[in-house]
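On the provided structure of chain A, position chain B as indicated by the hints.
Each protein sequence line maps, in turn, to chains A and B.
The opening residue of the first sequence carries number 1151 in the working numbering; numbering runs sequentially from there.
The opening residue of the second sequence carries number 1151 in the working numbering; numbering runs sequentially from there.
By construction, these hints were calculated from the structure, which means they are not laboratory data.
Remember, it's a predicted structure, so these values are computed and weren't measured experimentally.
Incorrect hints may have been included.
Identical copies carry no separate label here, and so any pair may be met within one copy or between two of them.
For lysine-lysine, the following DSS-like pairs were computed, each having C-alpha atoms within a straight-line distance of at most 25 Å [said to hold, decoys possible]:
| # | residue 1 | residue 2 |
| --- | --- | --- |
| 1 | K1348 | K1276 |
| 2 | K1378 | K1329 |
| 3 | K1261 | K1378 |
| 4 | K1378 | K1276 |
| 5 | K1548 | K1348 |
| 6 | K1261 | K1250 |
| 7 | K1589 | K1473 |
| 8 | K1548 | K1650 |
| 9 | K1329 | K1548 |
| 10 | K1276 | K1589 |
| 11 | K1548 | K1276 |
| 12 | K1650 | K1261 |
| 13 | K1589 | K1650 |
| 14 | K1261 | K1276 |
| 15 | K1348 | K1650 |
| 16 | K1378 | K1650 |
| 17 | K1348 | K1261 |
The chain contents come next:
There are 2 protein chains.
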Amino acid sequence: MSNQHSVLEATLAWERETALLESIQATLEWDERTGMPEDAGDYRADQITLLSGMIHQRRTHSEQAARIEQLSQSVSSELPDSDLAVTVRGLRRDLIRRQKLPLELVQATTKAIVLGQQAWSIARPKHDFDSFLPHLQTIVSLKREEAQLLAIDGSPYNGLLDGYEEGAREADLQEMFTKLCASLVPIVAEAAESSRRKTQNTEETVFEIEQQRLFNRTVAAAIGFNFKAGRLDETHHPFCTTLGPRDCRILTRYQSNDLMSGLFSTLHEAGHGMYEQGLPPDAFGLPLGSYASLGIHESQSRLWENAVGRSEPFWRWCLPIAKQYFPNALQSERPEDLYAQVNQVAPSLIRVEADEATYNLHIAIRFDLERSLIHGQLAPCDLPDAWSEAYQRYLGIKPVHHGEGVLQDVHWSAGLFGYFPTYTLGNLYAAQLIDTASKEIGELDTLFEQGDFQPLLQWLRQHIHHHGKRYLPGELVRRITGQPISAEPFLTYLRLKLQKVGLLT
Amino acid sequence: MSNQHSVLEATLAWERETALLESIQATLEWDERTGMPEDAGDYRADQITLLSGMIHQRRTHSEQAARIEQLSQSVSSELPDSDLAVTVRGLRRDLIRRQKLPLELVQATTKAIVLGQQAWSIARPKHDFDSFLPHLQTIVSLKREEAQLLAIDGSPYNGLLDGYEEGAREADLQEMFTKLCASLVPIVAEAAESSRRKTQNTEETVFEIEQQRLFNRTVAAAIGFNFKAGRLDETHHPFCTTLGPRDCRILTRYQSNDLMSGLFSTLHEAGHGMYEQGLPPDAFGLPLGSYASLGIHESQSRLWENAVGRSEPFWRWCLPIAKQYFPNALQSERPEDLYAQVNQVAPSLIRVEADEATYNLHIAIRFDLERSLIHGQLAPCDLPDAWSEAYQRYLGIKPVHHGEGVLQDVHWSAGLFGYFPTYTLGNLYAAQLIDTASKEIGELDTLFEQGDFQPLLQWLRQHIHHHGKRYLPGELVRRITGQPISAEPFLTYLRLKLQKVGLLT
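Just chain A, same shape as in the assembly:
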């Protein structure tokens, strides 16, 4: 027992030091995406490649591997949900995945995705797919190699997917998307037609960026994002990253003619950020201090963005505050107007600005395309045509240029294949969670209208955040809601809301 204790101490100390290096890498990446000078990219790639190599070597080091194996055998008598069992199981899972990947592949992939993201961020505003294509080809080729090495149940795609959503499988998701899309397509058709009839031409309104900064900061703080342990900055493609146990950075983007674009990005990223801020800081870098899965992470962001931010009581609270920042632009607005406005439905080309009804169709498209890329059924050079064809089929529209098409998302340039479906899982989890939260907490509408978001945040802290990686995502949702993962609660929530705003009969 004393020997087990000292082995455990050595294992955790090793992991904590590795987490220091990983959080340093995250800091370099945050800086790269928030304002690093244009010419600094090559050297930054070298810095990140060095760190990622060191991290991989540490994570696959034979001494640490031996310690983890030893612990794994000695904890087999522990309860599976105990701190010790969860920690060892999480470390072992990561070790086994890592051991399948040669260092050369890890380093080549790291460098390719650093350069790929840099190339993407230059190509995107120019709508220039051709300059990005060689990077994408390299990345797809490296990720296919990785997927082969990690394949689960004969599916290389499963190997990537499982890295983001433990236990999720391609075949299950395919079935889920088929059913979900079958329900969504008629909902979208009807709601979009109603939206079109209702939408009035409104004159262009200007929301000054500096005022948006102050307004978004106020809202993020009000819902519970802790600015003593976090920041809100700006970037082209909003994201959330964590640089230490008390250092969470969220990023949004503002458009001067659209208040909602920035606000919903902020609510979304603050939802991610509050999850990170709610993880046990003492276990930072260890399984008990890490998020359960990307799907669970996305459930938090989508819950705050949609179930909260696109609700009517939220606007009863938020509009008077918004009027303090934009007295002229919002002078004659009523909460019910904005509630209706932020719930319009229209097939659109940009995923991050899609409404709740169409959003999952954007994901279904990406899920199809990235599986084809990883399975070698689609060549990167054919991606733009396949993209257009899929948008035509699912949403009835096509991009005019690559900036509103295949170049809009950072993910593939960052090597994130198998990541997109977790967005839809997040939407489904969020609907299940808010249902249960509503039953257990009581009058959420009244609380939101009063600007009191603490009861919901504390409920999420208690049922999700505090657990870290204690449970697999599917099990976590089942423990909280009593139900398996299902699209029904989401579809019910969506139909109800669209009926309420008069878009659905």
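Chain B only, in chain A's frame:
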């Protein structure tokens, strides 16, 4: 020869990788001082401590040490200024200094100065010396230990000083400061008296911060700071840092009631930044890609700040630009008014805002006090009294609180002892350099008035920046100017300018 070549390649590859780690550390420190969340400090200290330990281990690694020693013997027949000889000599000098310091001391010092700077940045705005004192005691104690280990010619202070200004010696500097102060005190007395008589009460003017940001960016770009390979941000205590061969970050601070405070900080830091941007990028992290000394570095910042920014032709060019950003506030100003305004002389308490005549007296005070701290003649707890006494003696004024006294500078909280005198060396070098530049380039005044700063920048690139660490600082100045380091050119420059603005007869 082939063996020597492969040893050299291995040595350089090792150094380049170490430079990657050092530049990563610099990135963490930049982030820490530009907006890291308040609660993130402890973990950031852990991150930086880990890196600094790794760097120290690499810099003192026995294999690298053996390679450097081997190269050192084989290059003895090379010309001393050859690339190879300069590189090996620089690496060997650093190695020998590092080998004198035990890893525990390096790590303890790193952690103490990260926490010390965090404590300082909280204590300074509150004028709270007591909360900072324990940190200062720890840091002074660690730096005294380091100084003992590095002592040169029996002087521990020399050991620290030589790390910033190779070849500089405490005794020489003492003599230089004694002479310089003897000349400066009567100049300051007369010029301050004239300034007092001339200064009119002016009403409070507001210079909007966002406009200052745009204006300072325009000026920095105009004098030659390259924004594709650099950034300009804001912080409490302006500085310049380099995160990679094409990534130089300069920081300034703005006051809404004072346009000049921010502008001269920007000019100063841009001067540093342009030096960094002019170093050979291919030798980044190696002696040929590194600055010659802190004194030479400061000569670049002070040259752009004072010889350029506080000249009359500069204001003939700059005022029309400034009026575009501040049309109301500067409506009735003439270039000669601003030229006179930025050259007023008055004993003051804040070093970074001191005029050119009093500036070196601020340095003389810090030089005295830090030597007393390092030599153990002054206890940190007695520093505030000693500070007041010295300000009374040199400048005839005393701070009312510690924020305008002993807490104003970041240096000691960052363990930078032996650093301050390089500021005065920079002032003296700058005066010698601008004299020579003026002779060799010709009509600098005409060029400045036209906003053409390229000839001066290219002259500095050619004579200083391109050389990296090829020459010792004293030798570099002698090669360029034909003269040894001397206070006379600075005193002549100062007297002439103060006569021109009517402050000196």
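To test your reading of the hints: which numbers does this structure violate? Those not satisfied are hints 1, 2, 7, 8, 10, 12, 16, 17.
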